[in-house]
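Participant: Single-letter residue listing:
Protein chains: 4
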Amino acid sequence: MEQQYDYELEFKVRDYECDLQGIVNNSVYQNYLEHTRHEFLNDIGLNFTELFEKGIVAVVARADMQFKTPLKSNDKFVVKLRAEHEGIKYMFYQDIYRLPDNKLCLKGVITTTTLINGRLGVSTEIKDALAEVKANR
Amino acid sequence: MEQQYDYELEFKVRDYECDLQGIVNNSVYQNYLEHTRHEFLNDIGLNFTELFEKGIVAVVARADMQFKTPLKSNDKFVVKLRAEHEGIKYMFYQDIYRLPDNKLCLKGVITTTTLINGRLGVSTEIKDALAEVKANR
Amino acid sequence: MEQQYDYELEFKVRDYECDLQGIVNNSVYQNYLEHTRHEFLNDIGLNFTELFEKGIVAVVARADMQFKTPLKSNDKFVVKLRAEHEGIKYMFYQDIYRLPDNKLCLKGVITTTTLINGRLGVSTEIKDALAEVKANR
Amino acid sequence: MEQQYDYELEFKVRDYECDLQGIVNNSVYQNYLEHTRHEFLNDIGLNFTELFEKGIVAVVARADMQFKTPLKSNDKFVVKLRAEHEGIKYMFYQDIYRLPDNKLCLKGVITTTTLINGRLGVSTEIKDALAEVKANR
Chain B
300 MEQQYDYELE FKVRDYECDL QGIVNNSVYQ NYLEHTRHEF LNDIGLNFTE
350 LFEKGIVAVV ARADMQFKTP LKSNDKFVVK LRAEHEGIKY MFYQDIYRLP
400 DNKLCLKGVI TTTTLINGRL GVSTEIKDAL AEVKANR
Chain C
300 MEQQYDYELE FKVRDYECDL QGIVNNSVYQ NYLEHTRHEF LNDIGLNFTE
350 LFEKGIVAVV ARADMQFKTP LKSNDKFVVK LRAEHEGIKY MFYQDIYRLP
400 DNKLCLKGVI TTTTLINGRL GVSTEIKDAL AEVKANR
Chain X
300 MEQQYDYELE FKVRDYECDL QGIVNNSVYQ NYLEHTRHEF LNDIGLNFTE
350 LFEKGIVAVV ARADMQFKTP LKSNDKFVVK LRAEHEGIKY MFYQDIYRLP
400 DNKLCLKGVI TTTTLINGRL GVSTEIKDAL AEVKANR
Chain L
300 MEQQYDYELE FKVRDYECDL QGIVNNSVYQ NYLEHTRHEF LNDIGLNFTE
350 LFEKGIVAVV ARADMQFKTP LKSNDKFVVK LRAEHEGIKY MFYQDIYRLP
400 DNKLCLKGVI TTTTLINGRL GVSTEIKDAL AEVKANR
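Chains as they are written, first to last, in this note's numbering: chain B, 300 to 436; chain C, 300 to 436; chain X, 300 to 436; chain L, 300 to 436.
Simulated from the structure, these hints should not be mistaken for lab results.
Incorrect hints may appear among the rest.
Said to hold, decoys possible - Cut-off 20 angstroms, straight-line C-alpha distance, at most; resulting in silico cross-link-like pairs (SDA-like, lysine to any residue): (1) L:Lys375 / C:Gly344; (2) X:Lys371 / L:Ala360; (3) B:Lys371 / L:Gly321.
Unchecked claim - Label pairs and their computed distance ranges (CB to CB): (4) C:Lys367 / X:Gln303: 25 to 31 angstroms; (5) B:Asp363 / X:Ile387: 47 to 53 angstroms; (6) B:Gly354 / X:Glu349: 34 to 40 angstroms; (7) C:Asn341 / X:Lys353: 27 to 33 angstroms; (8) C:Ile387 / L:Gly354: 54 to 60 angstroms; (9) B:Asp342 / C:Lys367: 29 to 35 angstroms; (10) B:Leu414 / L:Arg436: 44 to 50 angstroms; (11) C:Glu309 / X:Lys353: 22 to 28 angstroms.
Glycine is no exception: its CB is placed at the ideal position from the N, C-alpha and C atoms.
One chain only, chain B, in its complex shape (with noise of 0.2 angstroms):
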């Protein structure tokens, strides 16, 4: 079910975020959601840096984001997160809800890979470190 998710993490608009249109930028959404993806990592026991630096690269392959409602000036909003590995992929479904009314202001499908000493593969830490995460929905 779509909305059982893994991790959410809670942040809040900052000015420069924020474009002439007086909403925050668009591009500034993939930040809010990278960030998330990675904290959710690190709660999970794996470090996006130390990956990298082991020769385990996490790559972006696709990112497909919707923009429902946007965000301004002061306001709150928590980023939810579900992911599921298949394959050679690792697909993050993040979706963004205004605070505190869960105003839905973006869905996302981020899909990811590995790059394992630059070729293309699953990372055994990953793998297993998701499958814990769903074993323990």
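Given chain B, put chains C, X and L in place with the hints provided.
Facilitator: Just chains C, X and L now, kept in the frame of chain B:
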């Protein structure tokens, strides 16, 4: 035919756009795509800021980007764009090619729409300008 | 005494803020300082966006930042701030300390001023609010 | 004499660089200055990333910027630079002028230094290249 573009703009990667993996951060590609759309609009006589001041707010409803080859420090590249008006949507097909080898870096579909004085609607200015682009193809 | 601060705000480095040297890009520190100033203003009842909409435009006239120790991926830190009203200037002394070891990362002096309906002037709202901050020190 | 520059680079403001005040956000000027320094270094045969990979890490020790006139959407501008080697410091005097009216937008002094394999030191590569720039003035 997909390879037919209406506009193209050349860029060079700036080092501050690269992240700790040594490649351009994914969110920065959205900046490249946005800047190219705004320059295209300028080119056909539509200024994003002027539209905004007239109450015509162009908003991105969906951004779907496939990341094919990462750009790195010092890379030059070109963003190519084709625009289509479809109902209340303006679709921008935007692809990024590295220069000089024309390697495909990103394939994007950006769906935009307009709010006119706060309500979803078709902007005659944009519609007419895009029709002229199409007629001149 | 310099170590007396009026406000402080905690942050955590986000990976997208790091550049290819693996440390937070210098320009990002200005973002941290700005966000802290705006949160401080909020805290004393002044909202940056609301001021802007009333025609009171707070602008940075000078930013002088000494970079002492770079912040890295996963670092936590605190931005501390002392505000002083001096003639037509509002001075913000802003220092960044890494947590938990309180290592000094940045020493900054940000000189701001206000344009009121386009002309340089002292905003009574800001002046009074800062006087109250001082009185409560 | 202050108006003597060693290098200059033209830019155009990108809309995503503007904040809710409708002007280029202050932190973005540091991006412009950094990109100009790196392009200048490239121009004199020094590549920032290559230096980094050789263990020569150029770091900013201090950035002092006076903001004179804000840049806006669609503005073109030029960043001019003069470089001086002084002891263990490389000083970059960097000024931004709006085009075509040459209005001064920013006056900056960026103090940089180099870490060679983690220790403060003078990079022979940079020192020699800057000496040649000076000889050719």
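Participant: If a hint holds in the structure, say so; if it does not, say that too.
Facilitator: Results for each hint:
1. L:Lys375 / C:Gly344: Satisfied, since the Cα-Cα distance of roughly 18 angstroms is no more than 20 angstroms.
2. X:Lys371 / L:Ala360: Answer holds: X:Lys371 to L:Ala360 is near 16 angstroms, not above 20 angstroms.
3. B:Lys371 / L:Gly321: Holds, because 15 angstroms separates the two Cα atoms, which is no more than 20 angstroms.
4. C:Lys367 / X:Gln303: 25 to 31 angstroms: violated (54 angstroms)
5. B:Asp363 / X:Ile387: 47 to 53 angstroms: For X:Ile387 against B:Asp363, whose Cβ atoms are near 50 angstroms apart, the range 47 to 53 angstroms holds.
6. B:Gly354 / X:Glu349: 34 to 40 angstroms: violated (50 angstroms)
7. C:Asn341 / X:Lys353: 27 to 33 angstroms: Given about 32 angstroms between the Cβ atoms, the range holds.
8. C:Ile387 / L:Gly354: 54 to 60 angstroms: Roughly 56 angstroms apart at Cβ, these two residues keep to the hinted range, so it holds.
9. B:Asp342 / C:Lys367: 29 to 35 angstroms: holds (30 angstroms)
10. B:Leu414 / L:Arg436: 44 to 50 angstroms: Between B:Leu414 and L:Arg436, where Cβ atoms are some 46 angstroms apart, the hint holds.
11. C:Glu309 / X:Lys353: 22 to 28 angstroms: Distance hint for C:Glu309, X:Lys353 is violated at roughly 42 angstroms.
Taken one by one, the earlier hints fail for this structure at numbers 4, 6, 11, listed in ascending order.
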